[in-house]
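With the hints as your guide, set chain U with the ligand onto chain C.
First to last, the sequence lines map onto chains C and U.
In this text, residue positions in the first sequence follow the working numbering: the first is 1, and each later residue adds one.
In this text, residue positions in the second sequence follow the working numbering: the first is 1, and each later residue adds one.
Do not take every clue at face value.
Taking lysine-lysine and the DSBU-like style, the derived pairs with C-alpha atoms no more than 35 Å apart in a straight line are [claimed, not checked]: (1) C:Lys146 with U:Lys44; (2) C:Lys111 with U:Lys282; (3) U:Lys282 with U:Lys293; (4) U:Lys110 with U:Lys318; (5) U:Lys74 with C:Lys48.
Simulated from the structure, these hints should not be mistaken for lab results.
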Amino acid sequence: METKGKAHKFGANIDTDVIIPARYLNTSDPAELAEHCMQDIDADFTNKIAQGDIIVAGDNFGCGSSREHAPIAIKACGISCVIAPTFARIFYRNSINIGMPIMECREASEKIQEGDEVSIDFDTGIITNVTRNEQYQAEPFPEFIKHIMDCGGLMNSIRHQEEQ
Amino acid sequence: MGMTMTQKILAEHAGMESVSAGQLISADLDMVLANDITGPVSIKEFDKAGFGEVFDKSKISLVMDHFVPNKDIKSAEQCKTCRMFARRFDIDNYYDVGEMGIEHALLPEKGLVAAGDAIIGADSHTCTYGALGAFSTGVGSTDLAAGIATGRAWFKVPAAIKFELTGKPAKYVGGKDIILHIIGMIGVDGALYKSMEFCGDGIQYLTMDDRLTISNMAIEAGGKNGIFPVDEITKQYMAERVGRPYKIFAADSDAEYDEEYRIDLAGIEPTVSYPHLPENTKTISAAEKDDIKIDQAVIGSCTNGRISDMAAAAEIFKGKHVCGGVRCIIIPATQSIYKECIKRGYIDTFIDAGCVVSTPTCGPCLGGYMGILAAGERCISTTNRNFVGRMGDTSSEVYLASPYVAAASALAGRICGPEEI
Ligand code: SF4
Numbered sequence: 001m002e003t004k005g006k007a008h009k010f011g012a013n014i015d016t017d018v019i020i021p022a023r024y025l026n027t028s029d030p031a032e033l034a035e036h037c038m039q040d041i042d043a044d045f046t047n048k049i050a051q052g053d054i055i056v057a058g059d060n061f062g063c064g065s066s067r068e069h070a071p072i073a074i075k076a077c078g079i080s081c082v083i084a085p086t087f088a089r090i091f092y093r094n095s096i097n098i099g100m101p102i103m104e105c106r107e108a109s110e111k112i113q114e115g116d117e118v119s120i121d122f123d124t125g126i127i128t129n130v131t132r133n134e135q136y137q138a139e140p141f142p143e144f145i146k147h148i149m150d151c152g153g154l155m156n157s158i159r160h161q162e163e164q
Numbered sequence: 001m002g003m004t005m006t007q008k009i010l011a012e013h014a015g016m017e018s019v020s021a022g023q024l025i026s027a028d029l030d031m032v033l034a035n036d037i038t039g040p041v042s043i044k045e046f047d048k049a050g051f052g053e054v055f056d057k058s059k060i061s062l063v064m065d066h067f068v069p070n071k072d073i074k075s076a077e078q079c080k081t082c083r084m085f086a087r088r089f090d091i092d093n094y095y096d097v098g099e100m101g102i103e104h105a106l107l108p109e110k111g112l113v114a115a116g117d118a119i120i121g122a123d124s125h126t127c128t129y130g131a132l133g134a135f136s137t138g139v140g141s142t143d144l145a146a147g148i149a150t151g152r153a154w155f156k157v158p159a160a161i162k163f164e165l166t167g168k169p170a171k172y173v174g175g176k177d178i179i180l181h182i183i184g185m186i187g188v189d190g191a192l193y194k195s196m197e198f199c200g201d202g203i204q205y206l207t208m209d210d211r212l213t214i215s216n217m218a219i220e221a222g223g224k225n226g227i228f229p230v231d232e233i234t235k236q237y238m239a240e241r242v243g244r245p246y247k248i249f250a251a252d253s254d255a256e257y258d259e260e261y262r263i264d265l266a267g268i269e270p271t272v273s274y275p276h277l278p279e280n281t282k283t284i285s286a287a288e289k290d291d292i293k294i295d296q297a298v299i300g301s302c303t304n305g306r307i308s309d310m311a312a313a314a315e316i317f318k319g320k321h322v323c324g325g326v327r328c329i330i331i332p333a334t335q336s337i338y339k340e341c342i343k344r345g346y347i348d349t350f351i352d353a354g355c356v357v358s359t360p361t362c363g364p365c366l367g368g369y370m371g372i373l374a375a376g377e378r379c380i381s382t383t384n385r386n387f388v389g390r391m392g393d394t395s396s397e398v399y400l401a402s403p404y405v406a407a408a409s410a411l412a413g414r415i416c417g418p419e420e421i
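One chain only, chain U, in its complex shape:
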């Protein structure tokens, strides 16, 4: 029986000829990742178990991004714990203030993850790297502690759902709209325990940034990972960043899938996800009729804080001004994206439009700081979760959308699409 792309990568890393869905395996890891929230718990577990060394100091990434630059004393202590650990074991990929960015934007950008890799991260959006043709999945801190110590992790080999993407998306439709559309279709547990395998001729129209956004939100459908085949676009992206050999895997033609969907990208509209679950989606034309006033717009995060997202926002904001009474917060996801925004003049555009621009951080995405909502307030956000209380008070509301829609809504003061602007 054939294997899916995910299964092939797992088999290779487990040193096995083949694996099948449901099988429990132990696999070698190419990268293990933690941040300032999950890192300290992992380090505590690592120390408690009495491990004296790490498996490979070049294959561990510690990124201080959630509450950084530190929002309070406790956060500062958490970073200190990570910093001391990084020094103790001379960890190569430790990113602190001045060098850091949001982890899932940073690792691909630095070339630390590549096609064919097996990667775990103590952060649920570690599934982002599936965009590069890697197997990557989020785990907890204890899994990560074990990974740091042994370079291995246990997995239940996932069954798969195939998404065949065809056609070319319209102007203003990108990765975010496609993944919100899919989550709306299959639900927040539609891919529970499974891998989401994307394929089809529509992929050629998706930039790396689009794919990173789509893979990033696989977890929002309950998926274990979300993976793309490797094509010229992927190879080009890696050629500019990855300084080591990598391996390309492709699904067997007789691979088994639990379900198969065919999605015509040309038929997808800009999509908005209503509170309090990402599956509560509506097309922008339906959402516009609801006349939803907003208090805040956030453009950033590991989902949509990349340069193409900044470009989309700048395109909308150019020469315009944010609606009175709306706060608009823009957060480029990494230092180099931030710099590129300065070079291209986006920061001027944003500030002239009445937005604030922050240094890279997760900040408001998880309700940490830098844009917390008061009771009853509404935010349109390019982030990935709109759970109760995610960005502040439990009675506040978060609507998820693309940078185009978030920026257009900030100008209008209510949720609307870029066409209206």
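Only chain C is shown next, with the shape it has when bound in the complex:
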């Protein structure tokens, strides 16, 4: 599986309150959540992204609350992958569980610049910076997690197990 898009850069410790502020948590509708994605840190975010674009951020992305609304909002607004050196653990789990691709890669996080054209090969973990003609290798997922992702999320993978 591959994806390609423009990079949008953010700093370290991007928390779930700025990804999707709590005042919008009175709904769990992905389309409605998507409208407010990243609004408190970049009011124009949803207007400037195109389908398939990529978020590139610093350490500890997604820290704070357990709201699954955060990866749901990111996924629903068209972002195809988040790259960061480290993720907050609940955000990490949630992304895998809902089938939203994330990549842990310090080099990519540091070298990719705002607006760079980036393509990602999820099978090999190779991130290609088309604009700068560079490649970075992301941490591969453990088998167990790859299985959840391949099934399209946690619930499907449990269903899959039960059927066997």
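Coordinates of chain U with the ligand only, in the frame set by chain C:
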């Protein structure tokens, strides 16, 4: 190789002799928890996957606390979704208006969580129950849906950081100051993916409420959980509440820790965390020099809404009045805490001091309602997060502190310690 306390609990629940850091395991759960925000997402996932039954109706807790009593129509719909689900499966521990409290204050109080348990909750502060010697951690709604259906969850066994607490804290220094001090020291990702294991002879001076506050904020250092050994204080607390057997685990003497810290509790001052990250800490004496005027003070939440927090606030407010121009909002975390406040006369003290007192709710803690900040306003709060926009407008500011400091600041109109009052 020895195991940490967390690793031992996980091994037991995975049905394994031993586990080691980094290993992926599937573990049995003793309690799964969701609230009015995360519950509906879990229920949607549960239904979408076509599960026809829950794993154990006595081991599921649904607590309506974030936007409850409902702040608007959408919130009412979310609670309705949870209420219908609870009825459909006859869930034992469903808490709605009239019985509810903030989830992480309510579950320990009701004796629903105990030492040795493995607990997940679709709320990041589920780590609170580590204070009782349980493994508990926050997860997302999909994890929770799987937990409701199967009674199991997957975990990566965490490595650990050991915090040896020694000495006796000074008057006016409590759990909140200790955990803010620690977060200031190691940073908001200082314990990322790891368990924070507390030990040492200083623990004997920490009440259950202190420990619950400390474990509650483990997530604010990125921790997976924050756990205390079980001692007489824990046993006494559980004896009054938990009506079932529980199991006490202790770390092996040769358990491995990635890092070890020794913290002298006697050396900790009341501590304040500046916007916009909990790691931006200063001691109260340093903060006082900054002369920070405040518009609002909030005393409550799953971090500091317990009876000892109310007692601390009452001690400061007794016979005094909140500074003109400051709004002070006090929210006891559960119905029984609220009642106890009435019995002890705290509510009179608060109202006479010019505070408002609310029914239990998360309310302003996450910027839901009941105390939202306007542009540029400043609040001192006993809650646990001071992220951008957490309590209102993105240009508003939240300073985190203990109930003593929040109450004293409300009287002074600027951030100051209780000694000054
Ligand atoms: S009081 Fe605040 S931190 Fe605690 S559960 Fe409620 S919203 Fe979350």
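- request: With a cut-off of 35 Å on the C-alpha distance, tell me whether U:Lys110 and U:Lys318 pass.
  value: 30 Å, holds
message: Holds or violated: U:Lys282 and U:Lys293, Cα atoms, limit 35 Å.
response: 16 Å, holds
message: Given the hinted pair U:Lys74 and C:Lys48, is their Cα-Cα distance within 35 Å?
response: 29 Å, holds
task: Quickly compare the C-alpha distance for C:Lys146 and U:Lys44 to 35 Å and report which way the hint goes.
output: 24 Å, holds
message: Need the status of pair C:Lys111, U:Lys282: alpha-carbon distance at most 35 Å?
response: 34 Å, holds
The structure agrees with every numbered hint stated previously.
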